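Student: Sequence:
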Amino acid sequence: MKRAVLAVAGLAVALTACSSGGRRGEPLVGPLPVDDPKVALGQVVFNRNCEGCHPGGEAGLGPMLNSFPAPGFLIKFQVRRGLGAMPAFPPTVIAGGDLDAIVAYMMAMRHHG
0 MKRAVLAVAG LAVALTACSS GGRRGEPLVG PLPVDDPKVA LGQVVFNRNC EGCHPGGEAG
60 LGPMLNSFPA PGFLIKFQVR RGLGAMPAFP PTVIAGGDLD AIVAYMMAMR HHG
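Per numbering that gives the first Met the number 0, the sequence shown starts with residue 0, numbered consecutively.
None of these hints come from the bench; they were simulated from the model.
All of these numbers come straight from a predicted model, not from anything done at the bench.
Errors might be hidden in some of the hints.
Just the calculated beta-carbon pair ranges, DEER-fashion [stated by the list, open to error]:
hint : residue 1 : residue 2 : range
1    : 80        : 50        : 14 to 22 Å
2    : 84        : 34        : 27 to 35 Å
3    : 84        : 35        : 26 to 34 Å
4    : 32        : 84        : 29 to 37 Å
5    : 34        : 89        : 27 to 35 Å
Beta carbons are placed, not taken as given, at the ideal position from N, Cα and C, and that holds for glycine.
Construct the complete structure from the given sequences, taking the supplied hints into account.
Tutor: Structure (structure tokens):
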């Protein structure tokens, strides 16, 4: 089990290192449609917990997320464990359903633009 956690952590770090640390090449085009209630909740939770370091999904104190290549399960792993300068967000801070909503919002941002 410990090896699996280390392998996943290594993969997450590798994906983070491969993603561009700068701003997204093209800005988001217009407001992100939030017709899906899960995406709308994700936007609220993202703004409350992530926006300070990843403004609008772009690079800030943390790397850009709009084109972050990691799949949802690695995003959840990074949020829960924290990697590098990113702090961990336990379920007492971001509940499981809220974390699912953040991932849905991030995927919507990734495909918008």
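Student: Give a verdict on every hint.
Tutor: Right, here's what the structure says about each hint:
1. 80 <-> 50: 14 to 22 Å: Holds, since residue 80 and residue 50 (Cβ atoms, about 21 Å apart) stay within the stated range.
2. 84 <-> 34: 27 to 35 Å: Holds - the Cβ-Cβ distance for residue 84 and residue 34, about 34 Å, lies within 27 to 35 Å.
3. 84 <-> 35: 26 to 34 Å: holds, 31 Å
4. 32 <-> 84: 29 to 37 Å: At 31 Å between Cβs, range holds.
5. 34 <-> 89: 27 to 35 Å: holds, 30 Å
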